[in-house]
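There are 6 protein chains.
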Amino acid sequence: MNSQRPLDRLFCFETKDSCVGILSGVEEFRRYPERMNKRILSSNNLGIKRFFALDTRAYEKGALDTKTKGMLDLVASMVLRCSDCIAYHVIRCVQEGVTDEEFFEALNVALVVGGSITIPHIRRAVEILDQCRDLQKKNKHPGL
Amino acid sequence: MNSQRPLDRLFCFETKDSCVGILSGVEEFRRYPERMNKRILSSNNLGIKRFFALDTRAYEKGALDTKTKGMLDLVASMVLRCSDCIAYHVIRCVQEGVTDEEFFEALNVALVVGGSITIPHIRRAVEILDQCRDLQKKNKHPGL
Amino acid sequence: MNSQRPLDRLFCFETKDSCVGILSGVEEFRRYPERMNKRILSSNNLGIKRFFALDTRAYEKGALDTKTKGMLDLVASMVLRCSDCIAYHVIRCVQEGVTDEEFFEALNVALVVGGSITIPHIRRAVEILDQCRDLQKKNKHPGL
Amino acid sequence: MNSQRPLDRLFCFETKDSCVGILSGVEEFRRYPERMNKRILSSNNLGIKRFFALDTRAYEKGALDTKTKGMLDLVASMVLRCSDCIAYHVIRCVQEGVTDEEFFEALNVALVVGGSITIPHIRRAVEILDQCRDLQKKNKHPGL
Amino acid sequence: MNSQRPLDRLFCFETKDSCVGILSGVEEFRRYPERMNKRILSSNNLGIKRFFALDTRAYEKGALDTKTKGMLDLVASMVLRCSDCIAYHVIRCVQEGVTDEEFFEALNVALVVGGSITIPHIRRAVEILDQCRDLQKKNKHPGL
Amino acid sequence: MNSQRPLDRLFCFETKDSCVGILSGVEEFRRYPERMNKRILSSNNLGIKRFFALDTRAYEKGALDTKTKGMLDLVASMVLRCSDCIAYHVIRCVQEGVTDEEFFEALNVALVVGGSITIPHIRRAVEILDQCRDLQKKNKHPGL
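Protein chains in written order, with my numbering: chain Y, 1 to 144; chain X, 1 to 144; chain H, 1 to 144; chain W, 1 to 144; chain B, 1 to 144; chain F, 1 to 144.
Treat the hints with care, as some may be off.
The list makes no distinction among identical chains, and a pair is therefore deemed to hold if it is satisfied within one copy or across any two copies.
To be verified - With a straight-line Cα cutoff of 20 Å, these simulated EDC-like cross-link-like pairs (lysine to aspartate or glutamate) come out: (1) K49 to D130; (2) K67 to D130; (3) K49 to D100; (4) K49 to E101; (5) K38 to D100; (6) K61 to E101; (7) K49 to E102; (8) K38 to D130; (9) K137 to E101; (10) K38 to E127; (11) K67 to E96; (12) K49 to E127; (13) K137 to E60; (14) K67 to D55; (15) K38 to D134; (16) K38 to E101.
Since the hints were derived computationally from the structure, they do not count as laboratory data.
Please put together the full structure from these sequences, using the hints given.
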């Protein structure tokens with residue numbers, strides 16, 4: 001079973017009634033980028049289209065597995081302090097099976113390398129992690 | 001006819017009824033900075049006042065025209081990932097007559113130089129561009 | 001009387017009725033970090049715990065007094081453009097007795113070193129400064 | 001006659017005797033990247049190869065001419081403070097016919113946006129500009 | 001056999017005669033930091049001492065192995081564009097057994113996230129990687 | 001007696017015989033910027049001239065004394081990781097009478113805020129501090 005699927009379905013097809021309160025931040029994070037990416041790719045700028053394709057491919061399994069790549073992206077986003085990127089990569093890390101212990105060690109690397117200036121983003125990353133874990137605990141998604 | 005005027009009027013004197021939905025983000029962006037700039041300049045710090053004056057003058061026509069300067073500022077703001085600066089410079093670029101094709105090429109330069117970490121700001125820039133184009137299409141502002 | 005106390009009490013024990021309008025931004029800024037810091041420290045990551053301890057100690061009086069350190073932190077946060085860090089350090093500077101003139105000179109250093117890209121953060125810093133001064137003017141807090 | 005050619009020939013095929021003193025810094029800048037780029041592209045990483053291709057294409061004429069793109073890249077490199085990138089883009093700007101007045105205005109935009117922290121890189125940019133102008137004055141290269 | 005040892009010995013106790021040409025850059029990189037770290041730790045600043053200790057501990061095996069952590073640090077250093085940090089982490093990655101394919105994939109993540117502005121640092125990283133591989137090929141160090 | 005003078009004389013008029021070994025790095029740091037600043041100001045770009053003037057004025061005594069401002073600049077340069085700026089501000093801090101204890105506390109603030117990525121610049125700052133202290137110990141310069 002594809003590890004990316006369950007959480008994907010979770011975010012996209014979940015009845016609003018049951019988890020909108022928990023998910024609101026995460027959902028909001030997903031809808032806006034999807035809509036804007038579609039708009040951006042509808043322009044005729046070939047360079048941007050190719051960059052988006054490169055970006056997607058950089059996360060695919062190669063010599064490194066997707067879990068390791070997910071953590072590399074998370075740490076890069078943390079030290080560069082990009083909120084939206086962090087939110088995206090936290091969700092991906094959860095989908096790839098990163099445990100809490102692994103997650104906090106990756107955050108610690110980012111904190112030590114990037115300094116206390118990253119702390120607000122560490123808070124945000126942990127908040128999104130907790131939202132994801134709450135969804136997983138509800139146990140509707142055996143694939144995770 | 002001064003190219004800066006029409007959009008300026010657009011943002012400032014537009015009846016709320018007709019375009020508040022479209023413009024809300026843009027208007028909000030304009031009102032807060034104007035109020036705070038006035039407050040900051042009311043302090044007696046001469047250095048800050050002079051910096052604000054330098055900042056204004058840097059955008060005026062010289063050996064380079066204001067359209068080129070608008071794009072230089074936009075790309076600088078993109079790679080430094082400053083949301084408010086980007087919003088400001090997108091509006092200025094529209095006022096200076098930057099076409100969509102030129103706009104996306106400038107964004108592509110920023111994306112390639114600055115990497116995928118700039119993508120959230122590219123989304124925001126395109127969103128504001130679209131809001132501006134919507135206003136222009138309504139054709140109330142022949143000056144544009 | 002400890003200089004950190006009064007404003008601290010101000011933010012924490014104030015009746016909502018009297019100053020929630022003024023303080024909302026500031027309060028919001030305080031509640032979320034406190035809750036998330038507690039959550040983060042509840043994880044078993046020793047490295048993160050020690051970093052948070054180091055961070056706290058770095059602001060304590062040593063060869064440099066806490067007022068000077070407050071301004072060092074403020075300027076560092078300004079040039080690195082971290083909104084939450086700036087809000088935190090503006091409040092601390094007010095608590096340490098930094099005057100408006102000193103405050104604007106520190107902002108000017110940040111503006112000249114970091115450039116116009118810091119202007120949106122200078123606006124935010126001054127907005128929070130003004131909120132703090134409003135509270136001080138109400139004169140409920142003789143400790144300040 | 002292709003505008004990129006003359007200066008290119010200048011840097012690569014010039015007899016050492018006549019201009020090594022003037023050019024040393026510039027030549028050094030060119031040889032190392034060329035050698036390392038070849039080495040990097042000899043690896044089998046498709047993503048990196050494609051990125052390098054995207055990077056090259058981003059500078060080609062499209063809706064914006066190469067001179068404008070040269071200045072966009074220069075300003076982006078200045079505010080991100082990348083020495084090697086700045087050296088590369090200064091040479092390209094000279095090849096594209098950017099005048100001294102235009103060059104200093106672009107630097108001014110970078111200085112105001114990026115702050116005094118960019119000054120060391122402005123010095124370096126002007127030093128390389130002067131080396132290029134010296135070569136042009138020797139008038140050996142009619143193509144320029 | 002400890003994976004960190006062999007390369008360590010290599011860099012420190014190697015007879016100059018046999019590999020100074022190859023190693024010069026790498027050796028230089030090691031000697032200066034070691035000397036300065038000793039000097040810095042000889043000061044009585046407890047905060048700095050504790051930070052250096054935290055920094056060391058962040059790289060030790062925990063929930064994540066040292067190889068994964070080595071790559072996290074490498075990518076963080078790449079996107080933040082710190083030459084000395086990159087040199088240090090490339091050597092550590094080699095010591096941890098990162099293969100060329102894994103190495104280039106990690107660099108690709110950094111390149112896509114951080115943009116073309118990281119290219120000069122990618123060159124430097126590959127140069128140091130090649131120096132390390134040359135030493136390993138000489139096969140004097142069976143531990144590697 | 002002007003606190004800026006003695007070290008200034010030290011760096012400029014010292015006989016090469018006695019301290020060139022110690023000072024080489026520092027001298028080199030001073031000559032190049034002075035020469036290039038003169039060249040840059042010889043251009044007719046009014047914006048750049050005014051920025052350089054603003055930069056100079058930002059360091060003058062106002063509500064904050066020049067010693068505090070020296071440390072604000074040092075910490076800003078540290079977290080933004082600009083080698084030349086750091087060298088300049090370390091020398092200025094020495095001239096303003098910053099003690100070693102104060103100096104290391106300011107460095108600690110920069111280290112905690114900016115993270116381990118600043119360590120290479122902390123090494124450089126301490127190296128320059130030591131060069132300055134060596135000169136002061138030779139006791140040729142009673143003004144210090």
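Cross-check of the supplied hints:
Taking identical chains as interchangeable, the C-alpha atoms of K49 and D130 lie at most 20 Å apart only when they sit on different chains, with a minimum of 18 Å there against 34 Å within one chain. With identical chains, the CA atoms of K67 and D130 are at most 20 Å apart within one copy only, with a shortest distance of 19 Å there and 27 Å across copies. In this assembly of identical chains, K49 and D100 lie within 20 Å of each other by CA distance solely across copies; the values are 15 Å between and 35 Å within a copy. For the homomeric pair K49 and E101, the shortest alpha-carbon distance between copies (14 Å) is at most 20 Å, but the shortest distance inside one copy (37 Å) is not.
Within a single copy, K38 and D100 get their C-alpha atoms only as close as 33 Å, which misses the 20 Å cut-off; across copies the closest is 16 Å, which meets it. For a Cα distance limit of 20 Å, the shortest separation of K61 from E101 across copies, 12 Å, qualifies, whereas the shortest one inside one copy, 23 Å, does not. Proximity of K49 to E102 under the C-alpha cut-off of 20 Å is restricted to the inter-copy arrangement: shortest distance 16 Å between copies versus 34 Å within a copy. In this assembly of identical chains, K38 and D130 lie within 20 Å of each other by CA distance solely across copies; the values are 13 Å between and 29 Å within a copy.
Taking CA atoms no more than 20 Å apart as the test, K137 paired with E101 passes inside one copy only; the shortest distance there is 17 Å, against 37 Å between copies. In this homomeric assembly, K38 and E127 come within 20 Å of each other (Cα to Cα) only across copies, at 12 Å, whereas the closest approach inside a single copy is 28 Å. In the homo-oligomer, the alpha carbons of K67 and E96 lie at most 20 Å apart both inside one protomer (5 Å) and across protomers (18 Å), since each shortest distance falls under that limit. Only between protomers do K49 and E127 lie at most 20 Å apart by alpha-carbon distance; the minimum there is 17 Å, versus 32 Å within a single protomer.
Taking the shortest alpha-carbon separations for K137 and E60, neither the intra-copy value of 27 Å nor the inter-copy value of 31 Å comes in at or below 20 Å. Proximity of K67 to D55 under the C-alpha cut-off of 20 Å is restricted to the intra-copy arrangement: shortest distance 16 Å within a copy versus 24 Å between copies. With identical chains, the CA atoms of K38 and D134 are at most 20 Å apart between copies only, with a shortest distance of 18 Å across copies and 30 Å within one. Only between protomers do K38 and E101 lie at most 20 Å apart by alpha-carbon distance; the minimum there is 17 Å, versus 36 Å within a single protomer.
The earlier numbered hint that this structure contradicts is number 13, and it is the only one.
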